[in-house]
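Q: Assemble the complex: chain A is given as a structure, and chain B must be docked to it using the hints.
Read off the chains here:
Protein chains: 2
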Amino acid sequence: MDRIERLHLINSLSGIKPVNLIGSADADGNENLAIFSSVVHLGSNPGLFGFILRPQGDVRRDTYENIQATGVYTINFVHTTFMKEAHLTSIKAEDNVSEFELSRLTPEHIADFKAPFVKESTIKLGMSFKQEVPIELNGTSLIIGQVEHIILPDGAMDDGGHFDLGAHKVAGLSGLNTYYSLKKEARYPYVRDEFTLEDLE
Amino acid sequence: MDRIERLHLINSLSGIKPVNLIGSADADGNENLAIFSSVVHLGSNPGLFGFILRPQGDVRRDTYENIQATGVYTINFVHTTFMKEAHLTSIKAEDNVSEFELSRLTPEHIADFKAPFVKESTIKLGMSFKQEVPIELNGTSLIIGQVEHIILPDGAMDDGGHFDLGAHKVAGLSGLNTYYSLKKEARYPYVRDEFTLEDLE
Chain A
5 MDRIERLHLI
15 NSLSGIKPVN
25 LIGSADADGN
35 ENLAIFSSVV
45 HLGSNPGLFG
55 FILRPQGDVR
65 RDTYENIQAT
75 GVYTINFVHT
85 TFMKEAHLTS
95 IKAEDNVSEF
105 ELSRLTPEHI
115 ADFKAPFVKE
125 STIKLGMSFK
135 QEVPIELNGT
145 SLIIGQVEHI
155 ILPDGAMDDG
165 GHFDLGAHKV
175 AGLSGLNTYY
185 SLKKEARYPY
195 VRDEFTLEDL
205 E
Chain B
5 MDRIERLHLI
15 NSLSGIKPVN
25 LIGSADADGN
35 ENLAIFSSVV
45 HLGSNPGLFG
55 FILRPQGDVR
65 RDTYENIQAT
75 GVYTINFVHT
85 TFMKEAHLTS
95 IKAEDNVSEF
105 ELSRLTPEHI
115 ADFKAPFVKE
125 STIKLGMSFK
135 QEVPIELNGT
145 SLIIGQVEHI
155 ILPDGAMDDG
165 GHFDLGAHKV
175 AGLSGLNTYY
185 SLKKEARYPY
195 VRDEFTLEDL
205 E
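The listed protein sequences correspond, in order, to chains A and B. Just so you know, my numbering puts 155 at position 151 of the first sequence, and the rest follows in order with no gaps. Just so you know, my numbering puts 63 at position 59 of the second sequence, and the rest follows in order with no gaps.
Here chain A stands alone, though its shape is the one from the complex (with noise of 0.2 Å):
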């Protein structure tokens, strides 16, 4: 295999993965949009979610140099209305260029809280940084927040806390450019000792 079909190919093992952009900006309010698939939950109580950032001095990454300059980033997700958008925020940028002007995505603040989210997504989170786990098998580092503001739709949570990301139209990824619409198959219970699987037909 050659080296971009291999690149694909391990890219794409992990199945689907959220895609989401992480808004950002540095300590003089310069803001940086840009694409990340690997969000991950790490805990619920505290809400802690991680992110992978790839090695430091591999390209210029204002996401990190920002989160360390301000200590707050946003996750937006990402929609199938919006994708093409999104993926544009893939761009090395040059310095003081605007990721949100090269997407016309629409950069949006709360009151003190100094990371821009995203307009267009409608499910989005304020995160607070908390630690750098460094990986040292290749140089990565897993980035973990803590959540500190949730913007839903009002009315798209239902009792139990669910909401349907198909009905949102949220989009997913695999490997680094083929984007996914999603459509709720099945929500089974929580299985208890004595679950069989007739317990959840």
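Mixed in with the good hints there might be a few duds.
Because identical chains share one entry, a pair is satisfied inside a single copy or across any pair of copies.
Here are the simulated lysine-lysine pairs, DSBU-like style, with alpha carbons at most 30 Å apart [to be verified]:
hint, residue 1, residue 2
1, K173, K88
2, K187, K173
3, K173, K96
4, K173, K188
5, K118, K188
6, K96, K188
7, K187, K96
8, K134, K123
9, K187, K88
10, K123, K187
11, K118, K134
12, K187, K118
13, K88, K118
14, K188, K88
15, K123, K188
16, K173, K123
17, K134, K188
18, K118, K96
19, K96, K123
20, K123, K88
Hints listed in this document are in silico derivations from the structure and should not be mistaken for laboratory results.
A: Frame of chain A, contents of chain B only:
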């Protein structure tokens, strides 16, 4: 919000997640199968994937102990054809009761590899354990492994190293218990420095 509602909401806020069955065996060959939704791509050369393990002592963690004992495990895609069976593996089975048996999924073996694959899964990886990275904030760990075997259906992969998760009926998960099917919507090129939105039309 009550505790369960909060648990479901926070668990849903990373968006769609890959859903995989991790197969392992102890030194005596007793097999274990468990569902995970935290597999994350860490690197392509070598091919490294991580997954998040809950705090030690929280529940019995046969998967962890088996990986320590044998050094290997399998990552098997969950397809929409056996979501119920996959979900049942979240059961806390009694010692020496295999989740393969409870879920009626079929163990499958390859030569010189001590961990069982899932026959019903058509896309699967044989992994060797590389490193455990403790996440001190909440007692979880990132378990990192390297890809040793890739099993894919003949013809699944196109020239570019891509395969269509929807065509292969790969499932995704939201939160703890809502399963989704996937439909491919778009594939965009790698974004070069000079690209604008029009280059992605």
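Q: So, for every hint listed, does it hold in this structure?
A: Here is how each hint holds up against the structure:
Taking identical chains as interchangeable, the C-alpha atoms of K173 and K88 lie at most 30 Å apart whether they share a chain (14 Å) or sit on different chains (24 Å). Taking the closest pair of Cα atoms, K187 and K173 come within 30 Å of each other both inside a single copy (9 Å) and across two copies (12 Å). In this assembly of identical chains, the alpha carbons of K173 and K96 lie at most 30 Å apart only when taken from the same copy (27 Å versus 34 Å across copies). When the C-alpha separation of K173 and K188 is checked against a cutoff of 30 Å, the pair qualifies both within a copy, at 11 Å, and between copies, at 13 Å.
In the homo-oligomer, the alpha carbons of K118 and K188 never lie at most 30 Å apart, since the shortest distance is 35 Å inside one protomer and 35 Å across protomers. For the identical chains of this complex, K96 and K188 are inter-copy neighbours only, at 26 Å across copies versus 35 Å inside a copy, given an alpha-carbon limit of 30 Å. Proximity of K187 and K96 under a CA criterion of 30 Å is satisfied inter-copy only: 29 Å between copies versus 33 Å inside one chain copy. In this assembly of identical chains, the alpha carbons of K134 and K123 lie at most 30 Å apart only when taken from the same copy (25 Å versus 41 Å across copies).
For the identical chains of this complex, K187 and K88 are neighbours both inside a copy (20 Å) and across copies (16 Å), given an alpha-carbon limit of 30 Å. When the C-alpha separation of K123 and K187 is checked against a cutoff of 30 Å, the pair qualifies both within a copy, at 24 Å, and between copies, at 25 Å. In this assembly of identical chains, the alpha carbons of K118 and K134 lie at most 30 Å apart only when taken from the same copy (16 Å versus 38 Å across copies). In this assembly of identical chains, the alpha carbons of K187 and K118 never lie at most 30 Å apart, being 35 Å within a copy and 36 Å across copies at closest.
In this homomeric assembly, K88 and K118 come within 30 Å of each other (Cα to Cα) only inside a single copy, at 26 Å, whereas the closest approach across copies is 43 Å. For the identical chains of this complex, K188 and K88 are neighbours both inside a copy (23 Å) and across copies (14 Å), given an alpha-carbon limit of 30 Å. For the homomeric pair K123 and K188, the shortest alpha-carbon distances inside one copy (25 Å) and between copies (25 Å) are both at most 30 Å. In this homomeric assembly, K173 and K123 come within 30 Å of each other (Cα to Cα) only inside a single copy, at 15 Å, whereas the closest approach across copies is 33 Å.
For the homomeric pair K134 and K188, neither the shortest alpha-carbon distance inside one copy (33 Å) nor that between copies (35 Å) is at most 30 Å. In this assembly of identical chains, the alpha carbons of K118 and K96 lie at most 30 Å apart only when taken from the same copy (23 Å versus 44 Å across copies). With identical chains, the CA atoms of K96 and K123 are at most 30 Å apart within one copy only, with a shortest distance of 22 Å there and 43 Å across copies. When the C-alpha separation of K123 and K88 is checked against a cutoff of 30 Å, the pair qualifies only within one copy, where the shortest distance is 16 Å, while the shortest distance between copies is 37 Å.
Of the numbered hints stated above, those contradicted by the structure are hints 5, 12 and 17, listed in ascending order.
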